[in-house]
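Chemist: Generate coordinates for the entire structure from the input sequences, incorporating the hints supplied.
Protein chains in written order, with the working numbering: chain Z, 1 to 115; chain G, 116 to 281.
Note that these hints are calculated values from the structure, not bench results. Where a beta carbon is used, it is the ideal one built from N, C-alpha and C, also for glycine. Keep in mind that the hints are not guaranteed to be accurate.
[To be verified] Computed cross-link-like contacts, EDC-like style, restricted to lysine to aspartate or glutamate with a CA-CA straight-line distance of at most 20 Å:
(1) K13(Z) <-> E240(G)
(2) K13(Z) <-> E245(G)
(3) K144(G) <-> E65(Z)
(4) K107(Z) <-> E72(Z)
(5) K231(G) <-> E245(G)
(6) K231(G) <-> E260(G)
(7) K13(Z) <-> E221(G)
(8) K89(Z) <-> E75(Z)
(9) K33(Z) <-> E72(Z)
(10) K144(G) <-> E72(Z)
(11) K83(Z) <-> D94(Z)
[Unchecked claim] Label pairs and their in silico Cβ distance ranges:
(12) A74(Z) <-> W164(G): 46 to 56 Å
(13) L25(Z) <-> L154(G): 27 to 37 Å
(14) A152(G) <-> F43(Z): 22 to 32 Å
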Amino acid sequence: MQSLPNYLQSQRKRLSFSQEEVAFLLGIRGMHKGNKVCRDENFAREPSLQEALAYEVIYGRPVRELFAGRYEQAEEEVKARAKILSFRKVRKPDVRRQEAIIQLAAKASVNPPIV
Amino acid sequence: MIKNKTVRILAIAPLSRGLGYAVMEGPDKLLAAGNKAILRHKNAGALAWVEKFIRFYQPGVLVLPDVNAADTHRAQRIKTLHRQLLGWAKQRQLKVKLISATQQRERLLGNPKGTKHAMAKSLAEKFPVELGKRLPPKRRPWMSEDPRMDIFDAVGLAMTFWPPVR
Numbered sequence: 001m002q003s004l005p006n007y008l009q010s011q012r013k014r015l016s017f018s019q020e021e022v023a024f025l026l027g028i029r030g031m032h033k034g035n036k037v038c039r040d041e042n043f044a045r046e047p048s049l050q051e052a053l054a055y056e057v058i059y060g061r062p063v064r065e066l067f068a069g070r071y072e073q074a075e076e077e078v079k080a081r082a083k084i085l086s087f088r089k090v091r092k093p094d095v096r097r098q099e100a101i102i103q104l105a106a107k108a109s110v111n112p113p114i115v
Numbered sequence: 116m117i118k119n120k121t122v123r124i125l126a127i128a129p130l131s132r133g134l135g136y137a138v139m140e141g142p143d144k145l146l147a148a149g150n151k152a153i154l155r156h157k158n159a160g161a162l163a164w165v166e167k168f169i170r171f172y173q174p175g176v177l178v179l180p181d182v183n184a185a186d187t188h189r190a191q192r193i194k195t196l197h198r199q200l201l202g203w204a205k206q207r208q209l210k211v212k213l214i215s216a217t218q219q220r221e222r223l224l225g226n227p228k229g230t231k232h233a234m235a236k237s238l239a240e241k242f243p244v245e246l247g248k249r250l251p252p253k254r255r256p257w258m259s260e261d262p263r264m265d266i267f268d269a270v271g272l273a274m275t276f277w278p279p280v281r
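Modeler: As C-alpha cells, then:
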C-alpha cells in the first residue's frame, strides 16, 4: 500500500484543532490563514522545511510519519541513486564508503516507514 | 482472505439522510470518519461524495453493507444507490467487500442479536479520541435515530473487514 502524501488532516482532527488554529501555531499571518493549512492537507501545497518541523512540534509526530508518502518517495529515489553510486568506479576504494552505499541501497527495502 | 494487512479501505454506509464514511489503514488506525447529509438529489450527491473520497484517500478496497442479505431491509433508493456504487467501483477496477448486518454484529459484539448502540459503544471505546465525543445517547422508542449513528455504521463496516485478532 502506498501511503498518502501526508496525514496532516487526520492528525489535526485527532487533536480537535481548527485549520485557523493550526495556521496561527505555524505563524502564518493574514486574513485567510487557514487556507494554507487546508491546501497542505489536500496535497495542493508543500509546506516549507520550517513549517514541516512546526507540524512535528504541533502534532507530536515525526516528519517522516506526517509526510509518509513523501518520505517513501524520497526513500525510493535515494535507493535507486545509491545503486547507481555503487557501480561508479573510484580511484581509491574506501571500505567505509562502500559499506555505507550498500547499506543505503538495502535500507530502503528493509526499513519501511512507521505510520 | 487479506494478504496485505496494511491495505487502505473506505467504508461507506448509505443511509436515508446521506452517507457515513470511514477510512482505515489496519484494524487500529482510523484515518477519518464522518457523515455527510445530502438534501437534494441524494443518489447523485452521494456518488459525487464517494468519488471525492476515493480520489483523496485512494483506497484499495471499498467496503459496503450487503443490502440484499436476508437480515437487511433497505429502501428502494438505497438499493439503487448500492447498485450504482457497485457498478461504479467495477468500472474503476476497485475491489468491493460486502458485509451483512449479522456479520458486523458477530464480529464486533460476538452476538448476532446485539443492538446498534452496543456496537457504537464498543467502537467508541476502541477509538476514544476519534469517536468518544461523537457517541449519541441511547435511542428511546419515541426518538428517531441520531444522525451521528451514520459514522458508527461506517466504522463498524470498516472494522468488520479486518480479520479478528487471535
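Chemist: For each hint, tell me whether it holds in the structure or not.
Modeler: Taking the hints in turn, this is what the structure says about them:
About 18 Å separates the Cα atoms of K13(Z) and E240(G), which keeps this hinted pair within 20 Å; it holds. Pair hint K13(Z) plus E245(G) holds up; C-alpha atoms about 8 Å apart against a cutoff of 20 Å. For the hint pairing K144(G) with E65(Z), the CA-to-CA distance comes to about 13 Å; that is within 20 Å, so the pair holds. Using a Cα cut-off of 20 Å, the hinted pair K107(Z) and E72(Z) holds, with the two alpha carbons roughly 12 Å apart.
Restraint check for K231(G) and E245(G): the C-alpha separation of about 18 Å stays at or below 20 Å, so the hint holds. Our distance criterion of 20 Å between C-alpha atoms is met by K231(G) and E260(G), whose separation comes to about 10 Å. As the CA atoms of K13(Z) and E221(G) are separated by approximately 30 Å, the hinted pair breaks the 20 Å bound. For the hint linking K89(Z) to E75(Z), the alpha-carbon distance of about 24 Å lies beyond 20 Å, and the restraint is violated.
For the hint linking K33(Z) to E72(Z), the alpha-carbon distance of about 29 Å lies beyond 20 Å, and the restraint is violated. Annotation: proposed proximity of K144(G) to E72(Z) holds, straight-line Cα distance about 19 Å (limit 20 Å). Between K83(Z) and D94(Z), the direct Cα distance comes to roughly 16 Å. Compliance with the 20 Å bound is thereby established for this hinted pair. Range check, A74(Z) to W164(G): about 33 Å between beta-carbon atoms, so the 46 to 56 Å window is missed.
In this structure the hint that L25(Z) and L154(G) lie 27 to 37 Å apart at CB holds, the actual value being about 35 Å. For the pair A152(G) and F43(Z), the supplied restraint of 22 to 32 Å holds, since their beta-carbon distance comes to about 26 Å.
Hint check: violations occur at hints 7, 8, 9 and 12; the rest are consistent with the structure.
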